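Q: Take these sequences, add in the hints, and give me the full structure.
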Amino acid sequence: MTYLKSRRFIGAAFTAITMLSITRTITGNGDLTSTVTIAQALVFASPIALAGLAGIWAERAGVINIGLEGMMILGTFGAGWAGWQWGVWAGVLAGVIFGAIGGLLLAVAAVTFGVDQIIAGTAINLLALGLTKFLAILLFTNAPGGGQAQSPPIKGEIPTFTFNSLVEPLSSLHEKGIFFVSDFAGILAGLFYNMSLLTIITFLLFAITSYLLWKTAFGLRLRSAGENPWAADSLGVKVVQFKYAAVVFSGMLAGLGGAYLSIASTIYRNGNTAGRGYIGLATMIFGDWRPGGTAAGAMMFGYIDTLRLIDTGNQNVKGLILLGAVILFAIGALMLRRARRNSAIGFLLLGSVMIGAYFSATSFPPEVAQVAPYITTLLVLATASQNLRPPAADGIPYRKGDHH
Amino acid sequence: MSQSSLAVELNGIWKRFPGVIANSDINLKVASGTVHAIVGENGAGKSTLMKILYGMQKADEGTISINGTDLVFNSPSDAIDAGIGMVHQHFMLADNFTVLENIVLGSEPKNGMRLDFTKARKQISDIAAENGLAIDPDILVSELGVGDRQRIEILKVLYRGAKILILDEPTAVLVPHEVDELFNTLRDLKKEGLTVIFISHKLDEVLSIADEITVIRQGTTVGSVNPHTQTVSARDLAEMMVGNELPTPEAVGDTIQDEVVLKVENLSVFAKGGKAIVDDISFQIRAGEIVGIAGVEGNGQAEILDALMGIESATGRVQFKDEDITNKSTRHRRELGIGFIPEDRHRQALMLDAPLWENRMLGHQTRTPNANGIWLTPRSAKADTKRIVAEYDVRTPSIDVLASALSGGNQQKLIVGREMSGEPKLLIAAHPTRGVDVGAQAAIWDHIRNARQAGLAVLLVSADLDELIGLSDNIKVLLRGKFVADADPATVTPQELGTAMTGAGEAA
Numbered sequence: 001m002t003y004l005k006s007r008r009f010i011g012a013a014f015t016a017i018t019m020l021s022i023t024r025t026i027t028g029n030g031d032l033t034s035t036v037t038i039a040q041a042l043v044f045a046s047p048i049a050l051a052g053l054a055g056i057w058a059e060r061a062g063v064i065n066i067g068l069e070g071m072m073i074l075g076t077f078g079a080g081w082a083g084w085q086w087g088v089w090a091g092v093l094a095g096v097i098f099g100a101i102g103g104l105l106l107a108v109a110a111v112t113f114g115v116d117q118i119i120a121g122t123a124i125n126l127l128a129l130g131l132t133k134f135l136a137i138l139l140f141t142n143a144p145g146g147g148q149a150q151s152p153p154i155k156g157e158i159p160t161f162t163f164n165s166l167v168e169p170l171s172s173l174h175e176k177g178i179f180f181v182s183d184f185a186g187i188l189a190g191l192f193y194n195m196s197l198l199t200i201i202t203f204l205l206f207a208i209t210s211y212l213l214w215k216t217a218f219g220l221r222l223r224s225a226g227e228n229p230w231a232a233d234s235l236g237v238k239v240v241q242f243k244y245a246a247v248v249f250s251g252m253l254a255g256l257g258g259a260y261l262s263i264a265s266t267i268y269r270n271g272n273t274a275g276r277g278y279i280g281l282a283t284m285i286f287g288d289w290r291p292g293g294t295a296a297g298a299m300m301f302g303y304i305d306t307l308r309l310i311d312t313g314n315q316n317v318k319g320l321i322l323l324g325a326v327i328l329f330a331i332g333a334l335m336l337r338r339a340r341r342n343s344a345i346g347f348l349l350l351g352s353v354m355i356g357a358y359f360s361a362t363s364f365p366p367e368v369a370q371v372a373p374y375i376t377t378l379l380v381l382a383t384a385s386q387n388l389r390p391p392a393a394d395g396i397p398y399r400k401g402d403h404h
Numbered sequence: 405m406s407q408s409s410l411a412v413e414l415n416g417i418w419k420r421f422p423g424v425i426a427n428s429d430i431n432l433k434v435a436s437g438t439v440h441a442i443v444g445e446n447g448a449g450k451s452t453l454m455k456i457l458y459g460m461q462k463a464d465e466g467t468i469s470i471n472g473t474d475l476v477f478n479s480p481s482d483a484i485d486a487g488i489g490m491v492h493q494h495f496m497l498a499d500n501f502t503v504l505e506n507i508v509l510g511s512e513p514k515n516g517m518r519l520d521f522t523k524a525r526k527q528i529s530d531i532a533a534e535n536g537l538a539i540d541p542d543i544l545v546s547e548l549g550v551g552d553r554q555r556i557e558i559l560k561v562l563y564r565g566a567k568i569l570i571l572d573e574p575t576a577v578l579v580p581h582e583v584d585e586l587f588n589t590l591r592d593l594k595k596e597g598l599t600v601i602f603i604s605h606k607l608d609e610v611l612s613i614a615d616e617i618t619v620i621r622q623g624t625t626v627g628s629v630n631p632h633t634q635t636v637s638a639r640d641l642a643e644m645m646v647g648n649e650l651p652t653p654e655a656v657g658d659t660i661q662d663e664v665v666l667k668v669e670n671l672s673v674f675a676k677g678g679k680a681i682v683d684d685i686s687f688q689i690r691a692g693e694i695v696g697i698a699g700v701e702g703n704g705q706a707e708i709l710d711a712l713m714g715i716e717s718a719t720g721r722v723q724f725k726d727e728d729i730t731n732k733s734t735r736h737r738r739e740l741g742i743g744f745i746p747e748d749r750h751r752q753a754l755m756l757d758a759p760l761w762e763n764r765m766l767g768h769q770t771r772t773p774n775a776n777g778i779w780l781t782p783r784s785a786k787a788d789t790k791r792i793v794a795e796y797d798v799r800t801p802s803i804d805v806l807a808s809a810l811s812g813g814n815q816q817k818l819i820v821g822r823e824m825s826g827e828p829k830l831l832i833a834a835h836p837t838r839g840v841d842v843g844a845q846a847a848i849w850d851h852i853r854n855a856r857q858a859g860l861a862v863l864l865v866s867a868d869l870d871e872l873i874g875l876s877d878n879i880k881v882l883l884r885g886k887f888v889a890d891a892d893p894a895t896v897t898p899q900e901l902g903t904a905m906t907g908a909g910e911a912a
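Residue numbers (the numbering used here), protein chains in the order written: chain A, 1 to 404; chain B, 405 to 912.
Hints were generated in silico from the structure; no laboratory data involved.
In this text, all values refer to a predicted model and were calculated from it rather than measured experimentally.
Glycine is no exception: its CB is placed at the ideal position from the N, C-alpha and C atoms.
Don't take each hint at face value.
Calculated pairs, BS3-like style, for lysine-lysine (alpha carbon to alpha carbon, straight line, at most 25 Å) [claimed, not checked]:
id, chain 1, residue 1, chain 2, residue 2
1, B, Lys679, B, Lys886
2, B, Lys523, A, Lys5
3, B, Lys526, B, Lys514
4, B, Lys606, B, Lys880
5, B, Lys725, B, Lys790
6, A, Lys215, B, Lys523
7, B, Lys462, B, Lys433
8, B, Lys786, B, Lys829
9, B, Lys433, B, Lys667
10, B, Lys594, B, Lys606
11, B, Lys514, A, Lys5
12, B, Lys595, A, Lys400
13, A, Lys215, B, Lys514
14, B, Lys667, B, Lys886
15, B, Lys594, B, Lys526
16, B, Lys526, A, Lys215
17, A, Lys238, B, Lys523
18, B, Lys786, B, Lys732
19, B, Lys667, B, Lys725
20, B, Lys880, B, Lys679
21, B, Lys606, B, Lys595
22, A, Lys155, A, Lys133
23, A, Lys238, B, Lys462
24, A, Lys238, B, Lys514
25, B, Lys526, B, Lys667
26, B, Lys725, B, Lys523
27, B, Lys732, B, Lys829
28, B, Lys595, B, Lys526
29, A, Lys5, B, Lys526
30, B, Lys433, B, Lys594
With the C-beta cut set under 7 Å, the calculated list includes, among others, these residues of chain A facing chain B [stated by the list, open to error]:
id, residue
31, Glu227
32, Ser234
33, Leu388
34, Arg389
For the chain A half of the interface with chain B, some residues (derived, Cβ under 7 Å), not all of them [said to hold, decoys possible]:
id, residue
35, Leu220
36, Ala231
37, Val237
A: Here is the structure:
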């Protein structure tokens with residue numbers, strides 16, 4: 001099992017780097033696989049990844065968490081409010097606690113009272129949005145450096161790590177522009193450049209989640225609450241307690257994601273999450289409710305965001321278009337091999353359209369890049385939805401003793 | 405424990421629900437190391453009683469004593485601790501979990517924090533080997549059929565060290581050879597000194613396996629018989645259950661007319677990926693004819709029925725009387741006079757959270773008595789629901805209760821009553837009496853037989869081979885989406901049919 005999994009991981013990484021490398025070679029745009037791009041992509045990806053991970057925890061226990069966005073908002077506010085007064089680590093802690101309160105609210109509504117989970121989650125999103133705006137006016141308007149819509153700067157910084165002995169040789173290898181090797185070097189160096197301690201914590205949380213949920217009795221019981229809570233109950237599993245634990249922890253993770261956002265931009269700002277909670281949900285679905293795939297999905301969003309933002313010569317978006325075409329062709333070829341002719345034709349056609357666009361236009365508006373992750377997620381859902389395995393009782397209110 | 409000591413003793417158990425008394429003064433004595441059957445009609449209170457014994461519900465009054473000790477169960481864990489295990493009627497399994505995960509859930513072997521998969525695997529294979537319940541622990545449950553799932557359920561309780569097993573209608577979903585396997589397992593378990601409490605409608609089976617039989621009627625225990633020392637027939641038991649004499653479930657006379665009501669040509673249904681689930685079948689049903697389809701579940705029955713109702717897309721041609729309905733909508737088909745009793749009543753036939761009278765309208769929402777033009781007519785729909793409740797003996801406090809409040813058998817009676825309303829020309833029925841007790845079963849058979857007399861054509865799918873043989877004029881055996889044999893109900897035995905269904909031989 002483990003052997004197979006690691007082989008699949010290596011295979012996926014290899015494919016991804018190859019496709020990036022092809023695109024980089026054709027466009028001649030070194031930014032696509034540079035150390036700085038990857039390092040920045042990790043910063044953008046981490047909050048999304050945390051939201052996705054939060055989604056995994058709640059939904060594995062059978063509670064749909066649309067409220068992730070709201071819990072993230074609470075996290076951004078907590079981090080801004082506490083971070084401004086008592087320093088950055090207090091901000092992290094407050095973000096986590098505020099997120100947990102959001103999670104607890106969802107747990108009370110969805111688990112104890114059996115409220116429709118989508119509605120309860122949406123209510124939390126609206127509540128968090130309104131509450132933080134109100135509190136921002138109340139607490140930050142007269143604070144030095146603050147305003148009606150933003151907090152004063154957060155004090156202190158999260159330590160970051162750069163391993164120069166690794167990064168420098170790898171970066172110079174990247175400059176050489178060798179197919180695959182240079183791209184691999186650039187990406188690898190990105191993992192050791194300006195790595196924030198919070199990003200490392202995010203990595204650890206993914207590893208811990210994988211272990212806890214899939215290798216321990218605790219995880220089996222938690223997941224049983226999302227697969228068949230009636231069966232779990234009949235075996236003496238305390239379903240309600242597990243759901244509570246999972247949803248509150250989900251809130252904590254989303255809160256941490258929010259705190260990460262505020263700390264990365266050094267202040268709390270209204271609307272700083274910009275829908276990242278929902279994107280987190282999308283990455284969770286993209287990743288089939290599993291940590292590995294979710295992390296990959298978050299990285300995809302982070303990467304595209306980065307390219308869009310560091311775009312100096314207006315060439316990165318163009319590169320992305322080509323990358324999209326390469327990916328579509330690859331999927332199309334895969335479909336052909338699996339004898340799914342109609343899907344294959346669809347992908348190849350779409351790929352050709354993008355190739356055409358790439359060669360006919362000199363530049364693209366950055367908005368094109370903004371929608372790319374969503375389109376990718378839709379494509380994944382459209383093609384892989386039959387293979388996705390969401391928790392069987394996800395979103396179904398559970399009442400003890402009820403028959404199913 | 406000596407042979408004569410009592411494993412379970414229930415005294416004066418009462419359980420009331422709003423509007424219903426589920427159990428009134430139940431007294432039950434189960435000797436250790438025996439198979440003890442509990443029989444009774446739907447809604448007689450068997451399931452409630454077992455839930456009380458398993459700690460899922462609390463009795464309002466009465467005492468439970470296990471191996472001579474009085475105990476109070478607040479949750480299933482208490483019952484598990486007392487050595488009681490339950491094999492539920494609807495399997496309690498997580499489809500996305502492996503066999504191993506399903507079995508160890510709640511009492512996992514641990515190595516530090518880690519779930520010790522190696523140890524679990526060994527324990528499961530040991531128990532499986534001891535009791536002849538071979539199964540691969542690492543396969544996903546979603547890939548397994550009903551027989552295997554039941555084996556997992558039994559393994560689950562054995563793994564927890566249960567000495568007293570409750571089996572809630574274990575044979576309802578099994579084909580004959582699987583029933584035999586189950587009974588062999590139960591005999592083995594008995595030899596190991598385990599006590600089995602066995603709930604069933606199927607009285608022949610009860611007589612063949614039980615050492616003692618307790619009958620429950622209207623929530624109370626009305627008597628016990630010992631089939632080893634007393635001569636007792638299935639009919640005697642049925643009369644004890646119902647409290648009066650029964651009609652005989654036999655097919656009567658030939659009512660087949662010339663008119664072809666349903667003509668199916670080259671019907672195929674394909675799974676995603678192109679595999680044929682229903683593979684190029686053709687048949688026809690004439691007015692007054694009942695055509696039965698025999699087959700192990702999952703061989704394409706559900707897909708045939710769904711295709712005929714226009715729910716599933718299919719290739720081929722379907723003709724109803726003189727009209728080609730191949731491309732017609734489900735609503736159009738229903739309005740032509742096709743009634744449908746689906747396989748899974750919760751998924752397809754009922755709105756569980758709606759009252760009975762709204763369920764009465766479902767599928768008939770465009771016709772009288774439920775609608776007049778574009779307007780629904782709740783008043784006459786309610787009146788008609790009352791008629792169905794009376795005619796089909798649906799046990800319910802009122803027609804305003806939610807469908808989910810009825811027991812499975814009573815839900816089924818409501819569905820049959822609804823689909824037989826408005827004089828259908830063709831009835832497409834899957835397991836019309838599944839979960840229904842003997843008395844009501846006979847009544848449903850009578851309704852179908854009477855309608856057949858009047859020219860109703862019926863396509864019947866049933867896992868109950870006696871029902872299939874008793875009702876059908878012709879039986880077709882379905883295996884992997886194809887008709888592999890025809891059987892004459894006048895001569896074929898359930899055993900022969902069961903063999904043909906598994907593809908092991910030829911039917912008569």
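Q: Could you run down the list of hints and mark each one as holding or not?
A: Now for the hints, and whether the structure bears them out:
1. B:Lys679 - B:Lys886: 13 Å, holds
2. B:Lys523 - A:Lys5: 22 Å, holds
3. B:Lys526 - B:Lys514: OK: Lys526 of chain B and Lys514 of chain B at ~13 Å, within 25 Å.
4. B:Lys606 - B:Lys880: Given that 25 Å is the threshold and the Cα spacing comes to 24 Å, the pair holds.
5. B:Lys725 - B:Lys790: Roughly 32 Å between the alpha carbons, so the hint for Lys725 of chain B and Lys790 of chain B is violated.
6. A:Lys215 - B:Lys523: 14 Å, holds
7. B:Lys462 - B:Lys433: 19 Å, holds
8. B:Lys786 - B:Lys829: Holds, at about 24 Å.
9. B:Lys433 - B:Lys667: Answer violated: Lys433 of chain B to Lys667 of chain B is near 55 Å, above 25 Å.
10. B:Lys594 - B:Lys606: 20 Å, holds
11. B:Lys514 - A:Lys5: Given pair Lys514 of chain B, Lys5 of chain A holds - Cα atoms ~23 Å apart, limit 25 Å.
12. B:Lys595 - A:Lys400: Given pair Lys595 of chain B, Lys400 of chain A is violated - Cα atoms ~36 Å apart, limit 25 Å.
13. A:Lys215 - B:Lys514: Measuring from Cα to Cα gives roughly 10 Å; hence the hint holds.
14. B:Lys667 - B:Lys886: 17 Å, holds
15. B:Lys594 - B:Lys526: Distance of about 23 Å is within 25 Å: holds.
16. B:Lys526 - A:Lys215: 17 Å, holds
17. A:Lys238 - B:Lys523: 24 Å, holds
18. B:Lys786 - B:Lys732: Status violated; Cα separation ~30 Å.
19. B:Lys667 - B:Lys725: 8 Å, holds
20. B:Lys880 - B:Lys679: 22 Å, holds
21. B:Lys606 - B:Lys595: 23 Å, holds
22. A:Lys155 - A:Lys133: 21 Å, holds
23. A:Lys238 - B:Lys462: 17 Å, holds
24. A:Lys238 - B:Lys514: Distance of about 18 Å is within 25 Å: holds.
25. B:Lys526 - B:Lys667: 55 Å, violated
26. B:Lys725 - B:Lys523: Violated: Lys725 of chain B and Lys523 of chain B sit about 63 Å apart, past 25 Å.
27. B:Lys732 - B:Lys829: Holds - the C-alpha atoms of Lys829 of chain B and Lys732 of chain B are around 17 Å apart, at most 25 Å.
28. B:Lys595 - B:Lys526: 23 Å, holds
29. A:Lys5 - B:Lys526: 24 Å, holds
30. B:Lys433 - B:Lys594: 17 Å, holds
31. Glu227: Holds - the Cβ of Glu227 of chain A comes within 7 Å of chain B, reaching about 4 Å at its closest.
32. Ser234: OK, holds: Ser234 of chain A within 7 Å of chain B, min 5 Å.
33. Leu388: At 11 Å from the nearest chain B Cβ, Leu388 of chain A fails the 7 Å test, so the hint is violated.
34. Arg389: Nearest chain B Cβ about 6 Å off; hint holds.
35. Leu220: 6 Å, holds
36. Ala231: 4 Å, holds
37. Val237: OK, holds: Val237 of chain A within 7 Å of chain B, min 5 Å.
Of the numbered hints stated above, those contradicted by the structure are hints 5, 9, 12, 18, 25, 26 and 33, listed in ascending order.
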